[in-house]
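Enquirer: As a plain string of letters, each chain reads:
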Amino acid sequence: MKAMKLADVPQGGAATVEEVACSPRERSRLAPLGIVQGVGVEVLRNVNRGAVLVEVRNTLVAMSRAVAEGIVVKGER
Amino acid sequence: MQSSGEARATVAIAGQPNTGKSTLFNALTGLRQAVGNWPGKTVEKKSGAVWFGKDHLEMVDLPGTYSLTAGSAEERIARDFVLDGDVSLVLVVVNALCLERTLYYVSEVAALGVPYVVGLNMMDLAEEAGCLVDIGHLQEQLGVPVIPLVASKGTGVEKLKSILWSQAASPIANDAGLSIAWLDGEVKEIHESLGKFLGNGAGRGSRAAWEALKLMEGDADVRAMLQAEAETALQEADARLQGKDSLAEQLVAARYAWIRKVVGDTSPSRVAGERTHRWDRWATHPFWGLWIMVGVLLVSMIAGLAAGLSPAFILMEGVFRLEKVVFVIGSEYVPWLGGLLQGIVRGAGSVLAIVPFIGAFHAVFSLLEDVGYMARIAFVMDRFMAKIGLSGRAFIPFLFALPCNISGALACRITDSERQRFLTTMLVPLVPCSAKIAVSAAIAAWLFPPGIAVGAVVGLVFLNFLLLGFMCKLLDRFVLKDEEAISLIMELPQYQRPNWKAIARQTYVRCVAFVRKAGTVIVAFSTLIWFAAYFPSGEINTSLLGYVGHLLEPLGDLMGLDWRMMTALFASVLNKEAMLATLAVIFNVPTTDLSGAINASISGAGAITFIYAQSVFLPCVATLGIIYSETGKRVKTLLGILLYTSVLSLGLGILLYQVLHLLID
Ligand SMILES: Nc1nc2c(ncn2[C@@H]2O[C@H](COP(=O)(O)OP(=O)(O)OP(=O)(O)O)[C@@H](O)[C@H]2O)c(=O)[nH]1
Ligand SMILES: [Mg+2]
Chain G
0 MKAMKLADVP
10 QGGAATVEEV
20 ACSPRERSRL
30 APLGIVQGVG
40 VEVLRNVNRG
50 AVLVEVRNTL
60 VAMSRAVAEG
70 IVVKGER
Chain V
0 MQSSGEARAT
10 VAIAGQPNTG
20 KSTLFNALTG
30 LRQAVGNWPG
40 KTVEKKSGAV
50 WFGKDHLEMV
60 DLPGTYSLTA
70 GSAEERIARD
80 FVLDGDVSLV
90 LVVVNALCLE
100 RTLYYVSEVA
110 ALGVPYVVGL
120 NMMDLAEEAG
130 CLVDIGHLQE
140 QLGVPVIPLV
150 ASKGTGVEKL
160 KSILWSQAAS
170 PIANDAGLSI
180 AWLDGEVKEI
190 HESLGKFLGN
200 GAGRGSRAAW
210 EALKLMEGDA
220 DVRAMLQAEA
230 ETALQEADAR
240 LQGKDSLAEQ
250 LVAARYAWIR
260 KVVGDTSPSR
270 VAGERTHRWD
280 RWATHPFWGL
290 WIMVGVLLVS
300 MIAGLAAGLS
310 PAFILMEGVF
320 RLEKVVFVIG
330 SEYVPWLGGL
340 LQGIVRGAGS
350 VLAIVPFIGA
360 FHAVFSLLED
370 VGYMARIAFV
380 MDRFMAKIGL
390 SGRAFIPFLF
400 ALPCNISGAL
410 ACRITDSERQ
420 RFLTTMLVPL
430 VPCSAKIAVS
440 AAIAAWLFPP
450 GIAVGAVVGL
460 VFLNFLLLGF
470 MCKLLDRFVL
480 KDEEAISLIM
490 ELPQYQRPNW
500 KAIARQTYVR
510 CVAFVRKAGT
520 VIVAFSTLIW
530 FAAYFPSGEI
540 NTSLLGYVGH
550 LLEPLGDLMG
560 LDWRMMTALF
570 ASVLNKEAML
580 ATLAVIFNVP
590 TTDLSGAINA
600 SISGAGAITF
610 IYAQSVFLPC
620 VATLGIIYSE
630 TGKRVKTLLG
640 ILLYTSVLSL
650 GLGILLYQVL
660 HLLID
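In order, the protein sequence lines correspond to chains G and V. Residues in the first sequence are numbered from 0 upward in steps of one, following numbering that gives the first Met the number 0. Residues in the second sequence are numbered from 0 upward in steps of one, following numbering that gives the first Met the number 0.
You can trust all of the hints, since none of them are fake.
Taking lysine-lysine pairs in the DSSO-like style, the calculated list, with each CA pair at most 27 Å apart, reads:
hint, chain 1, residue 1, chain 2, residue 2
1, G, K73, V, K243
2, V, K386, V, K480
3, V, K40, V, K152
4, V, K632, V, K44
5, G, K4, V, K386
6, V, K472, V, K386
7, V, K152, V, K500
8, V, K160, V, K44
9, V, K260, G, K73
10, V, K158, V, K53
11, V, K243, G, K4
12, V, K45, V, K632
To be clear about the criterion: a stretch of chain G counts as covered by chain V if any three or more of its residues have a C-beta under 8 Å from a C-beta of chain V, and this derived list gives those stretches:
hint, segment
13, 11-24
14, 47-55
Just some of the chain V residues that point at chain G, by a computed CB distance under 10 Å:
hint, residue
15, Q15
16, N94
17, A252
18, R280
19, T283
20, H284
21, A374
22, I488
23, M489
24, Q493
Simulated from the structure, these hints should not be mistaken for lab results. For clarity, every value in this text was computed on a predicted model and none was experimentally measured. Every residue gets a Cβ at the ideal spot worked out from N, C-alpha and C, and that includes glycine.
Please put together the full structure from these sequences, using the hints given.
Expert: The structure is reproduced here in structure tokens:
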């Protein structure tokens with residue numbers, strides 16, 4: 000259990016969001032999609048340079064790698 | 000049976016994207032608002048009536064937004080309508096399957112102080128997934144009616160209607176002060192003091208409470224609004240917010256705490272259904288996903304071409320015959336009347352001829368969208384679009400621009416920020432439309448053996464996209480240098496079986512939109528240009544257009560093109576698919592003999608330059624017209640497009656010819 004970026008969580012892993020350290024614009028888009036501090040996310044797709052696909056609160060959310068770089072999480076594996 | 004007159008009240012249908020608002024709007028009003036399995040489908044508000052005997056309510060379908068914080072034009076439309084519109088009641092549509100997330104919008108409306116009811120949609124999917132929603136609990140917690148619905152099947156719509164009617168007459172008050180009970184502790188204190196403060200301004204009432212909330216969240220739009228309306232209040236407010244950096248997070252946390260309480264023990268199963276997970280293993284796969292996409296798109300293009308091309312040719316043939324007839328008849332009276340009439344027929348005819356083609360492509364695209372695949376394309380493409388400063392969503396307008404740039408220009412709204420919309424609108428003309436590709440293919444086929452011709456066309460398309468990427472980077476670097484790039488953040492919808500009725504309706508709606516928007520522009524401009532081509536002499540060689548062509552001869556020399564080719568190039572602004580017909584007119588040979596005539600008049604280097612130059616030349620007037628009507632900075636955008644397409648086609652064209660001339664002629 001150590002802090003890392005969502006972009007570094009391996010595909011198939013799960014994590015808990017610690018901090019959404021993105022730009023205010025991005026944060027205001029992520030929050031209503033359920034991506035906020037304390038929420039559990041499952042990483043469905045995460046490979047080298049592509050967009051990251053996560054499942055959070057029963058919703059599939061796709062985000063550019065740049066966004067996932069800004070989300071600090073605690074890994075669960 | 001229906002009497003007109005004032006609507007009893009206005010009801011806004013609002014909520015997060017892809018929750019089924021437009022489907023519900025259609026079920027309520029019997030209208031045909033476009034629906035699609037793509038978050039951000041609706042981009043304009045649309046109103047319609049629900050009748051109760053002789054009385055009616057006005058329903059307004061709004062673009063879906065995740066919250067009331069707006070970052071794009073569509074989101075502003077929705078927010079401002081809920082905020083300022085004369086709305087008696089808001090029908091918030093939520094998705095029973097993703098209740099927690101879609102209730103976020105309810106938390107926004109609840110804080111706003113407008114009366115609302117909740118439409119709990121997608122109950123069929125929720126049941127299928129074994130996700131039981133405790134409606135009684137929801138209703139009790141929210142204090143407003145919650146109506147279970149399956150909008151796509153019409154289930155619950157009658158009950159909803161009667162509730163809307165009774166609520167619109169005497170809505171349950173939404174005491175915002177009370178509803179923001181989800182605030183507590185320090186945030187609550189700050190909010191109350193801010194709210195009081197902003198409320199003192201100009202009798203803003205409950206809106207001040209909402210504004211206070213948005214200021215605490217750091218909403219740039221609301222800040223700008225207040226800056227204009229209540230500057231001193233804003234300064235005071237800022238003083239109070241000083242040093243409270245984590246307010247936004249605290250607010251979000253409070254919202255979700257409230258939402259969890261409202262939802263109660265609803266058992267959320269793993270929703271993204273099995274089907275969606277199974278298919279996404281392939282569709283979003285880093286390697287296979289890309290090739291599946293390429294395959295799907297190729298098949299789509301071929302299907303669209305196969306279905307749309309032959310009707311287009313038949314219609315075009317008919318148009319050519321008809322225009323000859325009206326030309327002869329018109330010319331009997333006044334020499335230029337023939338040209339004018341011909342222009343009108345050509346313009347109207349080319350709109351007509353392209354409709355089956357547009358229809359076929361939109362049917363295919365609508366199918367991809369309806370089953371949920373279009374959103375995966377955005378996901379797969381994000382990696383590549385990110386390289387040129389765009390997000391995966393921005394690929395969709397470019398895709399739509401392939402059959403016809405007009406469809407692409409119309410699709411630019413689905414991008415999710417002004418920046419992306421500007422860039423895509425500017426660059427759509429660089430996507431080679433099917434007409435440009437057809438012209439390139441025809442000329443290439445006359446000049447080269449088949450194998451090389453195919454390679455040349457493919458290479459050209461590739462080159463066009465390369466230029467697009469290059470221009471995008473250029474604009475990004477020099478024009479938009481101060482604006483923050485918005486990366487992809489997008490919900491991927493569930494896959495679903497195709498709903499053929501919805502697909503048919505959507506195709507129809509898009510064709511109608513195409514004819515309505517493009518029709519007038521095309522007819523008006525073709526009339527104008529054909530007038531130029533026939534005035535004053537009735538012959539293109541000695542007409543205004545021919546005159547311009549002759550003037551351009553020195554420029555043409557540099558590109559290895561004589562005045563006839565230059566005239567054809569410039570006349571292609573009228574419409575691209577008529578390029579060959581124009582050439583035939585100018586060379587005064589039947590289209591079938593054109594290959595010989597052209598081969599005889601230009602060199603190989605000149606021909607290649609011509610194919611290239613026409614592929615990046617100014618878009619057709621219809622596309623320019625649509626771009627003009629679709630953008631904010633109209634004149635600037637148009638001038639920008641004219642400038643860069645001229646430089647790319649003529650400037651680079653000269654360079655290309657000079658190099659090729661040395662190498663092969
Ligand atoms: N299974 C199921 N599908 C539905 C239901 N209601 C709508 N849909 C589908 O959900 C998708 C989205 O519907 P829309 O009506 O376009 O959604 P919207 O809320 O208007 O979306 P935006 O305009 O993007 O905000 C479409 O494919 C509909 O056919 C429902 O009750 N059950
Ligand atoms: Mg809609």
